[in-house]
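Asks: Since each chain sits alone in its own frame, please combine them into the complex, following the hints.
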Amino acid sequence: MVPFELVVPRTVEEAMAALRTTGSGSASVLAGGTDLLNDLDDQRLSPTRVVSLRRLPWRTLDWTGPQLTVGSTLPLRALEQDPEVARRFPGLVQAVRAVGSVALRHQATLGGNVVRSAPASDLVPVLLSLDAEVDLVGPKGDRRVPVDRFVRSSRRVDLAPGELVRSVRLPEARPSSYLWQRVRPANDISQVAVALAFSPAGRTWRVAVGGVSPRPVLLAEPARLLGSGAPDPAAVREAARRAGEEAPFKTDRRASEEYRRRVVRALLARAVASVVDAPEFPR
Amino acid sequence: MTTPAAPIRPDGEVKLHGAALYGTDLDVPGMLWGALVPSPVAHGTIRSVDLSSARALPGVVAVGPDDLDRLLPPGPRDEERPLFPRGEVVYHQQPVAAVAAPTAAEAVRAAARVRVLIDPLPVVSDLESIFPDWPGPEAATSPHVAAHVHARHGDVDAEFRRADRLVREVYRTASVHQVALEPHACLAEVTDGRWFVRSSTQTPFGIREDLAALLGIPESSVVVEGTWVGGGFGGKGAPLLEPYALLLARASARPVRIALGYRDEFRLARTTLPTVVRMETAVTGGRIRARRVRLLLDVGTSLPGRDFATGYSIGFLLGPYATATFDIEGYAVRTNKPPFGPHRAPLAPQCAFVVESHLDHVAREVGEDPEEFRARHLWTEGDTTPLGQTVGPFGLGAAFARARRTAERWRREAPPGHGVGVGVGFWSTSTGAGGEVRLRLTPSGVVVEQGEREIGSGSVLAGLPAVAARSLGPPRERVRVEYLDTSTAPFDSGVYGSRTVGALGRAIDEAAVDLRARLGERLGGAGPVTFRAVGDRLLARTGGRELSVAELLTPEERAAGGLVVGGRHFGRPGAVDERRVVDGTFYAYRDFTGTAHVAEVSVDRETGSVRVERYAAFHDVGVVVDPASARAQVEGGVAMGLGTALTEEAIWSDDGELENAGLKDYRIPTLGEVPPVEVEFLEGYLGAGPYGAKGLGEPPMIPVPAAVALAVREACGAHATELPLSAERVARALKLL
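Taken in sequence, the protein lines are chains W and A.
Quick note on our numbering: the first sequence kicks off at 92 and runs consecutively.
Quick note on our numbering: the second sequence kicks off at 28 and runs consecutively.
Just so you know, these hints were derived from the structure itself, not from any lab.
Please note that a few of the clues may not be correct.
[Unchecked claim] Some but not every residue of chain A turned toward chain W, in silico, with C-beta under 7 Å: (1) Glu633; (2) Thr634; (3) Thr674; (4) Ile678; (5) Arg694; (6) Thr697; (7) Val701; (8) Glu755; (9) Leu763.
[Said to hold, decoys possible] 20 Å max Cα-Cα, derived SDA-like pairs, lysine to any residue: (10) Lys231/W x Met107/W; (11) Lys341/W x Val308/W; (12) Lys341/W x Ser680/A; (13) Lys42/A x Ala655/A; (14) Lys691/A x Lys231/W; (15) Lys691/A x Val193/W; (16) Lys42/A x Glu504/A; (17) Lys691/A x Leu309/W; (18) Lys341/W x Glu686/A; (19) Lys762/A x Thr342/W; (20) Lys341/W x Asp692/A; (21) Lys341/W x Thr295/W; (22) Lys231/W x Gly253/W.
A quick note: this is a predicted structure, and the numbers were derived from the prediction, not measured.
Using N, Cα and C, we set each Cβ at its ideal position, and we do this for glycine too.
Chain A on its own, in the form it takes in the complex (with noise of 0.2 Å):
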């Protein structure tokens, strides 16, 4: 059975009409326009905020601290994340207090009108100023950690003092924002005791927890529908403007709207924050010996313990390479930013970059070819990590295989002054999450009923009704996606860490399978059904037989809408080998995919701007589910990696105050600066998805940083420890300056 042709944008014919209504375009009768009221600081302690001149204001209603008990049902709320700070602020443009006014420009008037009295106090804006060194012992009482986690295995000491080579590298990465078009933005109704938000998220789901926690209702009380999402990210997976939202629908009984101008995009969303990396590694007789890495990761002001991203992201510094001998350890440090967010593969190019920059450097070190060093070192199907966990099915090594004939062409016709690099990069596809859908069979076709919304990815308008039709049988136009609220849909977890199509594909899979059993009996016949369209109807065949779908219903399917199945799927538990834990949490990482990339640059020798002249990219994805939005998710991904890789960084000044807010200073890649993209699935190396397949979402952003990286570095020599490379790195790498 092969996948049925798709259009190449399920959701390109709404979007071009302007029919899709995206978070921004939400608009109703009687609504007010919400506004937050900015800290002017990044730390300081607050005195008062006085809302008496903006409640002045003809129509407006503001809310504060003061209001919470009044506004919300009594009993207890999330106390570690307070709406609005009664302390301390602590960082520039924390929400204090929210207003509400009849049009957009009143509300920018009310919220000026706050007045807003807070002493300063001192500003922790950098990583390094906090830990100018690796933290000693003072870490563990420190107010600054928010996180520590260790590893290790074998004597790491030892290994280091036999070893034939030692190296000994630090890397640094900057903050990247994920850039969505569509800035955050919800809208509230709370009625009879019910409080209905309308949000452009990846997680309807995750969000009505997150409300229910933070303002004290019952999760049964709260409903979540999503709207379009002009791109998430990640950035659209926590709650950001509901709640206040919802509390001013609640303090002025008419629905409001929020939604965030551009430049609060960026200062308010939650992004991936700057790291630094120790990396040591000792080789002896060609082989790593052991490793021992350290990370600094800035969390912002992500509360202690609440952090994922330490645990997470550390164990891209470990793979893919098979090191017996480890010890890994990373600091979440806080500093007044705002709380640490996940962007596309959270933290894993960056690690990507490092791991990659320092075994090619290291494998230059002690004489070896980089490309094959690393690919001697490479995890293969069997093998253990470091933190425990059996590799399965990996296509890595036949991606890396691919990439380096691509190479080794490129570099053949490549002009002198140009470089190639090849990247590679693992990932875990995360189906572990829990998820449910319903397939709904009527006369017409197959509905498929969930909870989640369509980011821009493609992997619920594209990847959803693409199984539907493998697994079940109509044709693929006859399968229609419904997005439900939360308060119909069947539970899901949320469209975030490639999981999509994996987790409710495997639920589709399953109700199609229930469902063709059903209709098999109904039938009589026996073999597989299968499925034709004739006119308007759907009609079902086995062995022979032939009914129309109206036929086979009961009449009191077709009087509920039609034959409902439902699907669910929760992806195996994964495990970390605790013996080999000294402090915190690690992820335990699960069906890996494996991905390598090429690229071919240019490097201008007198200013350092490197240019990407080819581009390629070779993915093990299992089963390739959809093939038009797979390539898009590739080529979006590489676009997205340029810009991790070269231009995008997010620059706070010493007073914890974002200086490059908004397009002008933050720059993405344009079409001029992105390639166009070779791409390849390797596919048979089946994961834990419907038919075998992998997550595709954020692998093919984790090796773009480390393929341009090495392809700048063999243009023209420059060993650039920096992410992004911006021209002014390389000059450095180059030693210009």
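So here's chain W without its partners, still in its complex pose (with noise of 0.2 Å):
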């Protein structure tokens, strides 16, 4: 690790200029930290200046009607700890479990997840099925971005000079479900992931899938197999062999390309049979 100031601002003004005046130097914002360190151990990242968004006030948890306003610097166990978000989106709350450790994810926000953007993301591919949004505050004013078009590749995202992401929006409630695999269940990186939602409102269906190369993805094409409500069993075999045959999986050191292809027809399966056996998914 290459030493760095450390910059704590405690309003969103002294965050910006806390960003600006880097002079030749260059600035990481900090959320939770715990990507972004193992990047400053590694030197990947030698920043000259680190401002923590911690004093912030954005660790927050805001509901208007149906939907759910997470701010960026909520870390995970409070998130997943709020009985109304594991009711209204149960696929959330399974991502946020899937995330390291407590010990983690009491650090880890899911801002800070978004914004690093990781291809083995377990929380990306579940805020794509829900249709989600960034809020973003920057120099030039304020901006709301859809997940899909923020997170563009590999720790690579829409966010300009001087712009952090304030929160996260969910627009609607929806019967969902995370489902992945691992080499190790318990605080690994998923080799495999199928993030799987219903939208009431539309009647449809979103299929996003993880650990894949460069970025998670919605897949449309199953999504659009699964049809307008309960899918019957050849149309989720169906659209788990299209799921299998679609997403761009790759091989790398913790998985080949033809075993994800095979898991990620089963995970879907199952993810569609858990969303519509809950009392909750609409008639």
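Replies: Right, here's the structure in full:
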């Protein structure tokens, strides 16, 4: 780790100023730090300044009707322990529980996970399936961007210089499920993951996969094949088969491409069963 | 006489309070921080190593190959193991120079300033790329062959021709790392010709000997003091950082500390490397008639002839099953990886996995009940092993029978989709390596003076006092272990090989017999001497006569801190029937100990995921010396074995770079993957340790991958022939891919 200056602003304005006035140096933004610190430790990043968001008033959970707005620095542990979130967004809570360990989730944040945008992120797929949006604040004003557009590639997001993610907005409560496959069940990175959600308003399915390269993606055709309600077994099989074909899997040291294609079929079929069987699923 | 009750963890309090200083805690005033300069490639010709930019930094000391003659005494050094390579680098991150600086960050910066120019050479990373088939005559002169062993007996070809059935299989096992939580660390000081190093090590005396050879200094000038060891598992039995720390301390005239970061711990520490095993078994009339076994063992850049692993480990592929006719051959193959190093029961778990999986498969192929088939062939006391050793008291058959009864019960209780497997293994306790202790009887208690450190197993801190209390007789809480450095401790060969309680326990027992005899004479009574504690005094009694120890000591003894009596133990050497050896050196096993484990697993038939649901372990231990630490050894060994069985695998790229250095992608089990372990000890098959105790450090690890693999096969039919049994490998065995 290369030494750096740590700045802990109390207001958004101070934070943006801290990001602006780095001169010839560079700045990194610190939310929970569970991912950033690896990069600092390995010197993949060597910023001259680290701006911590921990004193900003963004550790929030706000309901507006059916909409949920999660402050970007709210620890994941708070999110998973909220019973209302668990009831309305079961897939989100399953995904949060898949992140690291309890100790790590006391530290890690939703905003950090989205901004760091790892290909194996457990949270980006479920945010895609929920049609989540990120609310940004920046020197040129506020913006709202769908997660699907915000996450561009591995470790690359649509964030202009000086911009920060203030919150993540979930527009609609959805019966949903998140299933993963790993080398080790606990405290590991997913080889393959499936996020599935059903939109009661639009009566449409969303299927997203993780463990793909270069970033988690929505799969349109499998979602379409699932229809507009509880699908029959043949439709599930066909959607699962298509997901296995369509997902942009690659071979890496965690799993082979063919294993991922095989497993995603099983996971998608199981996810459909769990969503359809839930009492919240609209009949 | 029974073993007195003991605290569950005598090291618990000092560790929980943070008072135990590990190697990574070493810190003294004026200390410099050392760092190694790594080779950026796994194989290449060194053009130059330029230290000038690093040396230009304030407070930085840098040493390279050109500095050795200046810093070290004239005279021979171990030329085969130069501290820094001069011509070729042979593995990724091999140290080519070393630096020291006032802070850790400055040391890292200084190391980065060293300009290393290397012309890359082709990298040999994969064992099987060298010998895609079994090595032919070319192997005799191949630079890739570090060792060759071959033994046989009887006419294998003839038996193979006559056999009812011949079963051939190929198995592969992955490299596993010890994953001690504390990485390697040491602190060196060189003053007045005294080369002093404090180190987190399993073998202070072994390191002293190696350092003397590596640095070309007399052994008497080297002093090694052990620290608390945060886990060893075989990985801390040879010098790694110590020679560099001493060299930097000599160059800087300051204390120098080096500690590896955790990723470098994976890259540089010596581990168990990959193997390929070919098994061929001929069966006639339900009996194994002949076996042909072929082992290719990756030994990285181990020196030719210096690798113990092949001749040691290959014997595990022959047992513990009777085979009159056999042909076994192994090659140690050099690749561009760090040298091979021992990992708890070096290769024995891998070998047991191969033997058990193969014989289970053979039995199925010939239509026999697999467990019955194996039970029929097990070694029993009095048998002669294929390598010509006589099996002594051996509880393996009894352990297997107990394990099978448990397995039968679990099979009745198991839900559909579960499978139960029984795996066995054997071990040879190496009490043969020498060891000495001193017992010091003081007015208030007994001190065991010795040179080993507690490495976390309890063998030193729980095992040795248990023996002292039992053999001599004082209350256990009046026995204290004293750690001495190599300049003052009696010699011992190290905490490894499941030998500590066996060898040092026998030495303590010998000293205790001597001490009791002397006290008996001084008390003048007849019969055995007994002790009791009153206040802070220790009283000794025999035949109705009781005196305080203070009164029994002579004035000279009281002035010298007590009555000191030494004890030593050198085990019986084993022997191999040399008429059966064609080439190389085989290790002579002795003091056999056996173990059988039962695993119940569930397997996800769509993903191949394996979950271990229940686990039981049955161990032939001779005699249990300390119940709490014996049990803990088994639980820990099973947890470690589950890693080797299911998830642990070091992966090297074609360029010879370790791809998963660190705990993110090298996965040891968490508590979530380790079920409660039922432990049962079978006593009475006596071994070479005190009271007939046998070693228990390594055996608990040995049958784990075998038991899990057989359980997986029973659960879903998947016959996986590679370790670890990752979900993807099980999925392939299930033909899902």
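Asks: Now tell me if each hint is right for this structure.
Replies: Here's how the hints hold up against the structure:
1. Glu633: holds, 4 Å
2. Thr634: Holds: closest Cβ of chain W sits about 5 Å from Thr634/A, inside 7 Å.
3. Thr674: Result: holds, 5 Å to nearest chain W Cβ.
4. Ile678: holds, 6 Å
5. Arg694: holds, 4 Å
6. Thr697: This hint holds: Thr697/A lies near chain W, its Cβ roughly 4 Å from the closest one there, short of 7 Å.
7. Val701: violated, 11 Å
8. Glu755: holds, 5 Å
9. Leu763: holds, 5 Å
10. Lys231/W x Met107/W: Cα-Cα ~11 Å, so holds.
11. Lys341/W x Val308/W: Holds: Lys341/W and Val308/W sit about 14 Å apart, inside 20 Å.
12. Lys341/W x Ser680/A: holds, 17 Å
13. Lys42/A x Ala655/A: Holds, because 17 Å separates the two Cα atoms, which is no more than 20 Å.
14. Lys691/A x Lys231/W: violated, 39 Å
15. Lys691/A x Val193/W: Roughly 16 Å between the alpha carbons, so the hint for Lys691/A and Val193/W holds.
16. Lys42/A x Glu504/A: The hint holds at about 18 Å.
17. Lys691/A x Leu309/W: Distance of about 27 Å is beyond 20 Å: violated.
18. Lys341/W x Glu686/A: holds, 17 Å
19. Lys762/A x Thr342/W: holds, 19 Å
20. Lys341/W x Asp692/A: holds, 17 Å
21. Lys341/W x Thr295/W: Cα-Cα ~28 Å, so violated.
22. Lys231/W x Gly253/W: holds, 9 Å
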